[in-house]
Structures are given as structure tokens and as C-alpha cells.
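Visitor: Here is what each chain is made of, one letter per residue.
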Amino acid sequence: MKSIAKLALGGVIAAGLVAGPTLAGDNMKTAKLASYKVVDDIAIPEPLAGKKGDPARGEKLFVARKKGNCLACHKVEQLKQHLFHGEIGPELSDVASNMTPAEMRLRLVDPKIVNPETIMPSFHKVKGLHRVMKKFKGKPVLSAQEIEDIIAFVQTLKMPKQAKK
Amino acid sequence: MTRKGNKSMGAMGGLAALAGAAGLLLSGLLIANQAAAKSKYEVDGRKSGYHYSNPETNEMQDDDFLNPGMLWVQRGIALWSKVDGAAGKSCASCHGDDARKTMRGVFTVYPKLNKKTGKLENIEQRINRCRVENMKAKPWKWESGELLSMTTFIGFLSRGLPMNVKVDGEVKPFFEKGKAEYFKRRGQLDMACKHCHIDNPGKRIRADLLSEGRAGQAFPLYRLKWQKIGSLHRRFRGCNKQVRAKPYKPGAEEYVNLELYVKWRSRGLPVEVPAVRR
Numbered sequence: 001m002k003s004i005a006k007l008a009l010g011g012v013i014a015a016g017l018v019a020g021p022t023l024a025g026d027n028m029k030t031a032k033l034a035s036y037k038v039v040d041d042i043a044i045p046e047p048l049a050g051k052k053g054d055p056a057r058g059e060k061l062f063v064a065r066k067k068g069n070c071l072a073c074h075k076v077e078q079l080k081q082h083l084f085h086g087e088i089g090p091e092l093s094d095v096a097s098n099m100t101p102a103e104m105r106l107r108l109v110d111p112k113i114v115n116p117e118t119i120m121p122s123f124h125k126v127k128g129l130h131r132v133m134k135k136f137k138g139k140p141v142l143s144a145q146e147i148e149d150i151i152a153f154v155q156t157l158k159m160p161k162q163a164k165k
Numbered sequence: 166m167t168r169k170g171n172k173s174m175g176a177m178g179g180l181a182a183l184a185g186a187a188g189l190l191l192s193g194l195l196i197a198n199q200a201a202a203k204s205k206y207e208v209d210g211r212k213s214g215y216h217y218s219n220p221e222t223n224e225m226q227d228d229d230f231l232n233p234g235m236l237w238v239q240r241g242i243a244l245w246s247k248v249d250g251a252a253g254k255s256c257a258s259c260h261g262d263d264a265r266k267t268m269r270g271v272f273t274v275y276p277k278l279n280k281k282t283g284k285l286e287n288i289e290q291r292i293n294r295c296r297v298e299n300m301k302a303k304p305w306k307w308e309s310g311e312l313l314s315m316t317t318f319i320g321f322l323s324r325g326l327p328m329n330v331k332v333d334g335e336v337k338p339f340f341e342k343g344k345a346e347y348f349k350r351r352g353q354l355d356m357a358c359k360h361c362h363i364d365n366p367g368k369r370i371r372a373d374l375l376s377e378g379r380a381g382q383a384f385p386l387y388r389l390k391w392q393k394i395g396s397l398h399r400r401f402r403g404c405n406k407q408v409r410a411k412p413y414k415p416g417a418e419e420y421v422n423l424e425l426y427v428k429w430r431s432r433g434l435p436v437e438v439p440a441v442r443r
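Protein chains in written order, with this note's numbering: chain G, 1 to 165; chain X, 166 to 443.
Take these hints with a grain of salt, some might be off.
[What the hints assert, rightly or not] EDC-like, lysine to aspartate or glutamate: derived pairs with alpha carbons at most 20 Å apart: (1) X/Lys411 x X/Glu346; (2) X/Lys393 x X/Glu221; (3) X/Lys280 x X/Glu418; (4) X/Lys203 x X/Glu377; (5) G/Lys60 x G/Glu91; (6) X/Lys359 x G/Glu117; (7) X/Lys349 x X/Glu418; (8) G/Lys158 x G/Asp41; (9) X/Lys277 x X/Glu346; (10) G/Lys161 x G/Asp94; (11) X/Lys303 x X/Glu286; (12) G/Lys112 x X/Glu377; (13) G/Lys158 x G/Asp94; (14) X/Lys368 x G/Glu91; (15) X/Lys342 x X/Glu419; (16) X/Lys368 x G/Asp54; (17) X/Lys342 x X/Glu308; (18) G/Lys80 x G/Asp94; (19) X/Lys393 x X/Asp227; (20) X/Lys247 x X/Glu311; (21) X/Lys368 x G/Glu87; (22) X/Lys349 x G/Glu117; (23) X/Lys344 x G/Glu103; (24) X/Lys349 x G/Glu91; (25) X/Lys414 x X/Asp364; (26) G/Lys75 x X/Glu346; (27) X/Lys359 x G/Glu87.
[Unchecked claim] Some chain X residues well away from chain G (every beta-carbon gap over 10 Å; in silico): (28) Asp209; (29) Asn293; (30) Leu326.
It should be emphasised that the hints constitute simulated quantities derived from the structure, not laboratory data. The beta-carbon is built from N, C-alpha and C at its ideal position, and this holds for glycine as well.
Isolated chain G, as found in the complex (with noise of 0.2 Å):
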């Protein structure tokens, strides 16, 4: 059996994080994150710099190992087709239905806002970080664009109402 650090968590990152050579101090790495404004705690509601998200590219990199990996924790139904969905968080099958874009860029970014206790990693996230592996330093785990995608993608995540257990 592969441990999750093949099947899911560890490995490499997209080379459109990798910061260059000239790009080597740390400011310079952070300026990779997204500024954005909390709202209420619970929401941010303007799209990180501004970016659309696709839904096709979304799913991707939801189901994604070294990306997303979303299903390693969660169970969603529309996506049945990749085996082994995880049980640690929510099923996310009729999430959209109750939740909104807003809160979900927050629950991405830095769930840890709405809950300092959760297993859940902080997605856009690089400051307050222990002991990073060195290739993954001053990286967020997806970028702005990647997250503005992924939240495309769960905003189609509903059930038809009949459905609904």
C-alpha cells in the first residue's frame, strides 16, 4: 500500500509557484500571495486579485494529489468515477447549497479563521508556518487562480432536491 505521502500529500509543486532565481528573497516570494479582506470572519468576499475561475480546471485540481488532493478528506458524490474518498471533513456533494462563494474562498484561504482547532490546511497561506520543507517555503499551496478555480468547480456541487437524504 502507498502511503499518503505518494498517494496524496507530499511531491512537488507546480512550476508556476516555483519562484525563479530572481525572485530568491523572501519578499519577493510572499508578493506570490493574494491580498484580501476578511469579512465578519466568516467570508472573503471578492475574488482573490481579481481573478475568474473555471470549473473544468477547478475539478482538476480538486482531485489532484499534489494540488488540491480536497478528496483525500472529503466525499463527493459527482465525483465517484476516482476511487477512495476520504472521511475526515464533510461530505462536499450539496455544499453549494449552502454555503456562498464568499464563505468558501475564506474556508480555502485559511480555514483556520473560522476554526484554529481544523485539520484543514490553510491554502493560500505563508506566514505563522513551522518547519516547511525548504522546496515548498514561502509557497502558498495554491495560488490565487487556483483557488478562484476550485471554488468554481464546488459551486456546482449541489444535489437535486429529491436526491437529498
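Could you slot chain X onto chain G? The hints should help.
Guide: Positioned in the frame of chain G, the structure of chain X alone reads:
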């Protein structure tokens, strides 16, 4: 039976000599079926990783003739009486030919305080201290065949005895540091040991079933993924890397402290060395 099982059975022949002896003593501890093993491997609600493992893996562990970890026990037996170093001594020179008499129970109380250095010392480090100080031999490298074999053999000699590390008195500060490591978020994915092994055991993280991480009584263990025996510190490194955290070196103070905490989490659980996990 797997081909691997057959192979190790062949290689087991050499063990027969000791096995006659060790086997007799320990056979009472061998488990006939997994249901019985399961109740034995749960103490006051604390469950060994055995409970979260699959039946095929547990079967390998339970049967000494299938358990590939027994090869390392066998190598440990051979090393016990092998003379090495400038002092011209073997382990047996000081601790006797029959390690079962002098080493049974030793595994259950490590890591413990080295009064001379004032530092916490685990079993691998204790073995190497004997090599350096008493045998005038070179310390074995971490994760080397020799160190793994001797550690596995020493663990095997305590099989069935409850883990019993001391965590109070002079050891308390080390214990507190180890505990803090367990609860400290780390890595790009920002998770602590406790997020997986205290908050979520029994749940799947993708395809893997999370255990309580209670394996102080089980390591060194044979991991199918590694195709060999590995140390507890190697497992710590793996768990660090999967959250994209910089691991410590095996044998680092941080890991010895963490080991004390993890072994305290295994308190009362019977030693399973060499366990088998996927």
C-alpha cells in the same frame, strides 16, 4: 502463502536453534487467532495499530514463520555473540550468552535518562553506547542492518510485556517537550501529529485508515511498503514529510523526546516487535 513467506521460512532455518529455546519461552505469548490478539492489543481503550491493520498483514505478524521481521531477529541473535572493537568483546561478554535472561523487559522502559549525560537516551543509542564505551567499537549507523537487527532482537525479547516508560521526575521535561512536538502544527500543510492520530483515528484519509499512532510497542516493524524493518524515527520522518515539513535526523533530540511521548501513549500495550504493517 506468499512467495515472500516461503522465502523467509527457508531463511528461518538458522533461527531454529534459538527458536527452540526462545520459541518455547515465547510460544505461550503467540496468538492463535486475531480476535484473541485484538483483545490483547487493547488496554484501557488504547488500541495498537494492529486494530487498524488488515487481516492479511496481521496474519503475517502473528505467525513467526510468515513474519519477515523475524529475519532481523535472527541477525540480532548472531550479532549478540559477535566480537567487535578494540576491547575484543561481544554483547555476550558482558550480558551473558542467554540474552533472554538479561534483556527481557529492557525494551519496555526506553527511552530513559542517561544519568551521566543528563540526556534522554533511546534503545538504539543505548546499544551504541555499549559499543563505544564497553567494546571500543564504532557506533552502528542509524537504520543500518546491524542497528535495526539488534534493536529488533532486544524488542523481541520483551514480546508480550507491557510498555512501561517513566515520564515523571527528572524525565518530565523531556516528556513535556515530546508532547509539545506531537501537538505542534508543522509543514506547508500545517498539521500536527494529533490532527491525524488523536482527532481522526478510524477514519480514512483517502485510501489509508488512520490509526491512533500507538506503535511504541511495535517498532522496529516490518513495513510492506518499505520491504524491510524500519525504526520508529523513520516513521516519524515519513509522517513529517507527508505534511511537507522538514523532518529531523533520526536520533535527534526532538525525535527521542517525541519517542518518549509516543511510547507513553503505548503504555500498558504488550510489545509486538517485530510487528508487520502495510
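Visitor: Hint by hint, note whether the structure agrees.
Guide: Hint check results:
1. X/Lys411 x X/Glu346: 13 Å, holds
2. X/Lys393 x X/Glu221: Holds, at roughly 17 Å.
3. X/Lys280 x X/Glu418: Answer holds: X/Lys280 to X/Glu418 is near 16 Å, not above 20 Å.
4. X/Lys203 x X/Glu377: Distance of about 14 Å is within 20 Å: holds.
5. G/Lys60 x G/Glu91: 18 Å, holds
6. X/Lys359 x G/Glu117: 11 Å, holds
7. X/Lys349 x X/Glu418: 16 Å, holds
8. G/Lys158 x G/Asp41: 25 Å, violated
9. X/Lys277 x X/Glu346: 18 Å, holds
10. G/Lys161 x G/Asp94: The given pair, whose Cα atoms are some 10 Å apart, holds under the 20 Å limit.
11. X/Lys303 x X/Glu286: 18 Å, holds
12. G/Lys112 x X/Glu377: Not OK: G/Lys112 and X/Glu377 at ~24 Å, beyond 20 Å, violated.
13. G/Lys158 x G/Asp94: Measuring from Cα to Cα gives roughly 4 Å; hence the hint holds.
14. X/Lys368 x G/Glu91: Distance of about 13 Å is within 20 Å: holds.
15. X/Lys342 x X/Glu419: Roughly 8 Å separates the two Cα atoms, so the pair holds.
16. X/Lys368 x G/Asp54: Violated, at about 32 Å.
17. X/Lys342 x X/Glu308: 24 Å, violated
18. G/Lys80 x G/Asp94: Satisfied, since the Cα-Cα distance of roughly 14 Å is no more than 20 Å.
19. X/Lys393 x X/Asp227: 17 Å, holds
20. X/Lys247 x X/Glu311: The hint holds at about 11 Å.
21. X/Lys368 x G/Glu87: Holds. X/Lys368 to G/Glu87 sits at ~6 Å (cutoff 20 Å).
22. X/Lys349 x G/Glu117: 11 Å, holds
23. X/Lys344 x G/Glu103: Given pair X/Lys344, G/Glu103 is violated - Cα atoms ~34 Å apart, limit 20 Å.
24. X/Lys349 x G/Glu91: Violated, because 27 Å separates the two Cα atoms, which is more than 20 Å.
25. X/Lys414 x X/Asp364: Violated: X/Lys414 and X/Asp364 sit about 27 Å apart, past 20 Å.
26. G/Lys75 x X/Glu346: 30 Å, violated
27. X/Lys359 x G/Glu87: Roughly 16 Å separates the two Cα atoms, so the pair holds.
28. Asp209: 25 Å, holds
29. Asn293: 26 Å, holds
30. Leu326: 30 Å, holds
Checked against the numbered hints given earlier, the structure breaks hints 8, 12, 16, 17, 23, 24, 25 and 26 and satisfies all the rest.
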